[in-house]
Amino acid sequence: MPKTGFFVLHSNVMPKLTAGRYDLVTDQTGLPFEVAAQHTHVTVASPRYVMPTDQILSTFPPANADGAFGDRLPQIVLKRRTLPWERNPAEQVQTSETPWLALVVVAEGEAQLSTATAVADCVTAGTTLLDPGDKDVEQGLYLAVTETVVKKIFPCQEDLPLLVHVREVDINDTELANGDDDGWLAVVLANRLPVFDTANNKPVRYMAALVNVEGQLSALPKPEPPNDFFNFELAQDWTVLANVNLSVGPDPRVMGGFSVGNVQLPAPGGVFHAPSAAARSAAKAAGSAGVRGGVVNASTLDGATSMHEAPVGQQWKSATDQVAAVALDPDAKRLVRDTMASGFRLPIELFAVEKVLRFPVLAHWSFTTSEGATFETLMEDLDVGLLGTRPAPPADAPAAGPGPEVIETGHIGLDLRSRRGDAARAWYRGPFVPCPTTRDLPNQAQPLLAHSADQLRRVVPDGREDLSLAAAFEIGRLLALSQLSVVSALLRFRSEQFGAGRIRELLSHIVGFELPSIAEQRVDLGRLVAVSVVSGLAKNPGQTIGPRRPVADPGRELVLSPDLELDQVIADGLGLNLGAVRKLSDQIGVVAALSRSTVPVAKPVQDVTALRVALNQELQSVIAVAAPPQILTTGRRASRDAAPARDALDELIDRAVDPGEDEESE
Amino acid sequence: MEKYLSSQVVLDVAVSAAQKYADLIVDHDPDDGAHVVPGELRRFLARLRLLHGVPFSYLVADSDLLPIESIRFFYLDRAWTDALVQGALSVGTITTADRTQLEAVYSTIRNEVDEAERTIRTPQGEERLKGAGGAISGFLMRSRVVSGWPNLHVRGYSRDVIDDDALTTAAESDPDRMKVLRMERLAPAVLLVLFDGIPAVVHVEEPRQGIQFGVRLNPADPPAQRKAKVKVRDNLTGDPVPPKNAFTAANSVDVPFRKNAPGVINVTELRKRLAAKSPNSGGALEPNEYALQMLRFPYRQVFGDPDNIEGQRFYDVDKFVVSVTLTSWKTTVENNVIKVLP
Numbered sequence: 001m002p003k004t005g006f007f008v009l010h011s012n013v014m015p016k017l018t019a020g021r022y023d024l025v026t027d028q029t030g031l032p033f034e035v036a037a038q039h040t041h042v043t044v045a046s047p048r049y050v051m052p053t054d055q056i057l058s059t060f061p062p063a064n065a066d067g068a069f070g071d072r073l074p075q076i077v078l079k080r081r082t083l084p085w086e087r088n089p090a091e092q093v094q095t096s097e098t099p100w101l102a103l104v105v106v107a108e109g110e111a112q113l114s115t116a117t118a119v120a121d122c123v124t125a126g127t128t129l130l131d132p133g134d135k136d137v138e139q140g141l142y143l144a145v146t147e148t149v150v151k152k153i154f155p156c157q158e159d160l161p162l163l164v165h166v167r168e169v170d171i172n173d174t175e176l177a178n179g180d181d182d183g184w185l186a187v188v189l190a191n192r193l194p195v196f197d198t199a200n201n202k203p204v205r206y207m208a209a210l211v212n213v214e215g216q217l218s219a220l221p222k223p224e225p226p227n228d229f230f231n232f233e234l235a236q237d238w239t240v241l242a243n244v245n246l247s248v249g250p251d252p253r254v255m256g257g258f259s260v261g262n263v264q265l266p267a268p269g270g271v272f273h274a275p276s277a278a279a280r281s282a283a284k285a286a287g288s289a290g291v292r293g294g295v296v297n298a299s300t301l302d303g304a305t306s307m308h309e310a311p312v313g314q315q316w317k318s319a320t321d322q323v324a325a326v327a328l329d330p331d332a333k334r335l336v337r338d339t340m341a342s343g344f345r346l347p348i349e350l351f352a353v354e355k356v357l358r359f360p361v362l363a364h365w366s367f368t369t370s371e372g373a374t375f376e377t378l379m380e381d382l383d384v385g386l387l388g389t390r391p392a393p394p395a396d397a398p399a400a401g402p403g404p405e406v407i408e409t410g411h412i413g414l415d416l417r418s419r420r421g422d423a424a425r426a427w428y429r430g431p432f433v434p435c436p437t438t439r440d441l442p443n444q445a446q447p448l449l450a451h452s453a454d455q456l457r458r459v460v461p462d463g464r465e466d467l468s469l470a471a472a473f474e475i476g477r478l479l480a481l482s483q484l485s486v487v488s489a490l491l492r493f494r495s496e497q498f499g500a501g502r503i504r505e506l507l508s509h510i511v512g513f514e515l516p517s518i519a520e521q522r523v524d525l526g527r528l529v530a531v532s533v534v535s536g537l538a539k540n541p542g543q544t545i546g547p548r549r550p551v552a553d554p555g556r557e558l559v560l561s562p563d564l565e566l567d568q569v570i571a572d573g574l575g576l577n578l579g580a581v582r583k584l585s586d587q588i589g590v591v592a593a594l595s596r597s598t599v600p601v602a603k604p605v606q607d608v609t610a611l612r613v614a615l616n617q618e619l620q621s622v623i624a625v626a627a628p629p630q631i632l633t634t635g636r637r638a639s640r641d642a643a644p645a646r647d648a649l650d651e652l653i654d655r656a657v658d659p660g661e662d663e664e665s666e
Numbered sequence: 001m002e003k004y005l006s007s008q009v010v011l012d013v014a015v016s017a018a019q020k021y022a023d024l025i026v027d028h029d030p031d032d033g034a035h036v037v038p039g040e041l042r043r044f045l046a047r048l049r050l051l052h053g054v055p056f057s058y059l060v061a062d063s064d065l066l067p068i069e070s071i072r073f074f075y076l077d078r079a080w081t082d083a084l085v086q087g088a089l090s091v092g093t094i095t096t097a098d099r100t101q102l103e104a105v106y107s108t109i110r111n112e113v114d115e116a117e118r119t120i121r122t123p124q125g126e127e128r129l130k131g132a133g134g135a136i137s138g139f140l141m142r143s144r145v146v147s148g149w150p151n152l153h154v155r156g157y158s159r160d161v162i163d164d165d166a167l168t169t170a171a172e173s174d175p176d177r178m179k180v181l182r183m184e185r186l187a188p189a190v191l192l193v194l195f196d197g198i199p200a201v202v203h204v205e206e207p208r209q210g211i212q213f214g215v216r217l218n219p220a221d222p223p224a225q226r227k228a229k230v231k232v233r234d235n236l237t238g239d240p241v242p243p244k245n246a247f248t249a250a251n252s253v254d255v256p257f258r259k260n261a262p263g264v265i266n267v268t269e270l271r272k273r274l275a276a277k278s279p280n281s282g283g284a285l286e287p288n289e290y291a292l293q294m295l296r297f298p299y300r301q302v303f304g305d306p307d308n309i310e311g312q313r314f315y316d317v318d319k320f321v322v323s324v325t326l327t328s329w330k331t332t333v334e335n336n337v338i339k340v341l342p
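Residue numbers (this note's numbering), protein chains in the order written: chain A, 1 to 666; chain B, 1 to 342.
Simulated from the structure, these hints should not be mistaken for lab results.
We treat Cβ as the ideally placed atom computed from N, Cα and C, and that holds for glycine.
Don't take each hint at face value.
What the hints assert, rightly or not - Covered stretches of chain B, as calculated for chain A (at least 3 residues, CB under 8 Å):
#: 1; region: 53-64
#: 2; region: 91-98
#: 3; region: 142-155
#: 4; region: 174-187
#: 5; region: 221-234
#: 6; region: 258-267
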């Protein structure tokens with residue numbers, strides 16, 4: 001493989017076999033008995049009427065491009081290196097160094113590109129092809145060209161091998177290989193420069209068509225003595241057909257006697273039979289007298305067409321724009337090809353007097369040469385300078401006005417109508433200046449910020465105002481105001497980000513430790529602090545709030561000793577008077593006596609309702625922080641409206657609401 | 001009681017929560033990292049800095065400053081673009097508090113927008129450049145070159161390190177190369193290019209779309225008699241026959257055309273002529289040798305090359321003609337000042 005940045009050119013890479021069907025016969029000899037020959041059928045396949053798109057690596061000029069291609073030969077790069085030699089154009093089975101592919105370049109109006117046609121009709125009638133049954137598709141396209149055009153623009157048979165070569169590149173070099181798999185590419189060059197129409201100074205649309213010349217080598221032109229110059233003129237101009245009214249049925253066209261109006265069709269040999277001036281004036285006179293000597297004045301060239309002129313917008317639409325427009329359509333693949341071929345659909349075959357040849361088109365694309373000058377001359381004639389330089393006026397030009405008032409700093413003097421209505425002159429300088437400028441004033445710690453354009457108006461010592469920065473301020477303000485999204489982004493930024501910026505600055509110095517994180521969502525600062533505080537506290541209440549109070553207080557301590565009676569201990573514990581109980585039990589029995597004696601009970605707390613109300617209020621205010629009332633928000637803050645994920649505070653609230661009952665029942 | 005809830009604990013929790021909050025609402029751009037200015041606003045301001053959307057009459061105040069078929073180099077006035085951004089920021093500052101806040105944040109905004117300027121145009125596979133905003137320069141070109149050759153290549157170099165006709169694969173982030181901040185066709189024939197720095201040398205090159213084959217048309221010919229030439233190359237090395245920049249009888253051949261056919265090359269005759277003139281042809285050209293002779297490389301125009309070793313035409317970009325000279329302007333100023341301060 002060649003080095004990166006280098007490539008190797010090869011004249012050709014011959015396949016071992018041409019495409020077609022082969023019979024492989026195995027014959028064995030030298031055995032004492034006869035062995036029947038074995039027949040194996042092999043088909044060597046190759047494109048014939050359509051080039052598969054995966055075989056086309058690139059084209060130059062790019063399809064539908066608009067530019068100066070006048071000094072470059074169009075080319076198409078094919079991925080399979082043997083493709084151009086896989087068929088023998090002379091209809092032989094052996095391989096031949098003459099490729100079967102040729103790239104022809106036709107200008108608009110010189111040839112006709114057909115619509116889909118059965119492949120048998122894609123070649124000139126009478127051409128015998130080797131194995132016509134070998135076809136890769138059923139329908140293909142063909143290029144219909146008159147013999148005259150073929151003689152003028154098609155390559156000679158001797159040219160064909162020179163126009164195809166093989167290139168071997170490093171596949172890692174993107175500029176050369178463009179994503180090929182093995183780095184071997186076949187390149188087909190055209191023999192015609194797509195030149196600009198310098199005579200009429202107008203762009204020319206060309207179509208490059210990769211055609212199959214199998215069986216038609218004899219139709220190609222013979223070498224002729226060369227010319228050292230050329231003149232732009234279409235090989236044969238059929239563009240008049242665009243104006244012919246084709247609404248006439250097919251019969252008159254076939255039967256003859258059909259007049260295309262006073263359209264002058266090109267004659268064989270490409271020589272226009274332009275009516276002489278005398279004949280034209282005679283015809284005119286005859287026409288005015290109501291008699292047209294044999295010429296039927298059908299609708300076409302001058303009258304009707306000029307009446308129904310396309311709207312101005314469409315007149316300016318170039319073919320490039322049209323193709324770009326149809327590329328937006330869902331059916332783009334077909335439509336783009338169709339629209340690109342639109343200038344090449346003139347029904348030449350119907351009208352041509354001479355023989356029209358057909359060549360199968362494997363691939364085609366069109367482009368426009370819209371520039372006649374060359375890059376070098378344009379670049380070298382450029383007037384170079386710093387902004388502010390004015391070109392030297394042409395020597396023979398009349399003395400122009402004084403021109404703009406430009407000074408060395410790049411300022412330009414402009415008329416100014418002041419707010420008071422006085423006419424004055426002011427200085428203005430755009431962002432492009434001819435000398436380096438300073439951004440800030442010297443010895444300035446912070447960049448200065450202007451809040452209104454008037455702060456940027458300067459008076460220079462010559463008494464005029466310098467409005468450069470004020471104008472910049474004003475246009476910046478208007479550009480921001482012209483976009484609603486920018487205005488709202490600014491307001492949002494102002495409402496929250498300014499604060500955030502300050503907090504960030506402040507806190508970056510004092511924060512030293514990490515605390516429990518919260519759910520990654522946008523919340524407001526108050527709620528966030530509350531949630532963080534509460535969840536921080538809830539994580540380890542024993543350390544931050546204090547130990548929990550036990551659910552029940554233990555009773556008084558039992559004093560158990562052998563000298564104390566058990567009854568006395570129990571009675572003390574329950575707060576009973578043991579003597580009174582004993583006296584009563586002597587009269588009515590123990591059980592009745594116990595049931596009659598009253599146990600002292602602690603007095604109920606008086607303001608428990610008030611406490612409960614207070615607790616509820618606190619709870620509500622905590623809930624209000626944790627789940628704030630819905631606020632109408634827009635944009636990215638809308639996520640706040642969604643129910644926030646449960647966090648530690650919610651759990652705390654739940655616990656506070658439910659088990660609260662226990663505490664009261666205690 | 002130190003062990004339990006204290007004001008210090010509460011303050012710490014609150015501080016940490018606030019920090020978290022600041023992190024939440026600060027813009028975390030996956031590409032650009034954390035910033036105070038939200039991404040959409042930062043990018044809008046950076047685009048504004050690169051003069052996206054600014055009416056052309058504000059850029060070039062008089063058509064005489066950018067005549068037909070001209071190229072004009074310039075420095076970008078940072079004070080002007082800052083004023084532009086200040087104007088955009090002034091939208092919606094209603095109260096004094098707003099303005100005070102804006103003043104406090106402005107230096108941060110300015111630094112962040114300086115950084116964002118470099119991310120507006122990010123070609124694929126290029127490294128992201130960071131750093132404080134420096135000088136910006138560029139050029140305006142008004143020419144048919146811009147309309148006729150779409151996708152021109154423009155490269156700025158901080159040092160004249162490569163030969164004027166050498167190929168290079170240096171990326172834009174290469175220290176010798178200048179990042180192109182903006183390259184846009186403002187009109188079909190007007191190209192604006194901004195460089196991140198002040199380049200020593202600027203290369204403007206024809207678009208290179210793969211390898212091309214062709215001839216050199218002579219633009220001076222009358223339309224009816226157009227001619228073309230091909231420069232011959234050595235068939236062994238592929239090097240063009242010197243001299244490099246001129247078509248002489250020894251190093252080029254006239255391209256033969258087919259009679260009565262526009263632009264159709266008589267390939268057989270051209271092959272003969274090339275074979276006769278090119279070194280090491282052996283009398284006849286093979287198809288690959290023919291392709292070698294027809295190869296054409298993109299033309300490159302070099303601006304500002306101070307040494308011009310390669311002998312190509314170069315342009316001194318410091319020359320500048322003015323209608324009011326500095327001395328006469330100074331006189332005016334002095335006279336006025338004398339009048340004001342008698």
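Hints and how they fare:
Counting residues of the region 53-64 of chain B whose C-beta sits closer than 8 Å to any C-beta of chain A gives 9, which meets the bar of three, so the coverage hint holds. With 4 residues having a beta carbon nearer than 8 Å to a beta carbon of chain A, the region 91-98 of chain B meets the requirement of three or more and the stated coverage holds. With 7 residues carrying a beta carbon less than 8 Å from a beta carbon of chain A, the region 142-155 of chain B meets the three-residue requirement, and the given coverage holds. Requiring three or more residues with a Cβ within less than 8 Å of a Cβ of chain A, the coverage given for the region 174-187 of chain B is violated, as only 0 such residues are present.
For the region 221-234 of chain B, the proposed coverage by chain A is satisfied: 7 residues have a C-beta within less than 8 Å of a C-beta in that chain, meeting the threshold of three. Interface restraint, the region 258-267 of chain B with chain A: holds (10 residues with C-beta to C-beta distance below 8 Å; minimum three).
Comparing the model with each earlier hint shows a violation of hint 4 alone; every other hint is respected.
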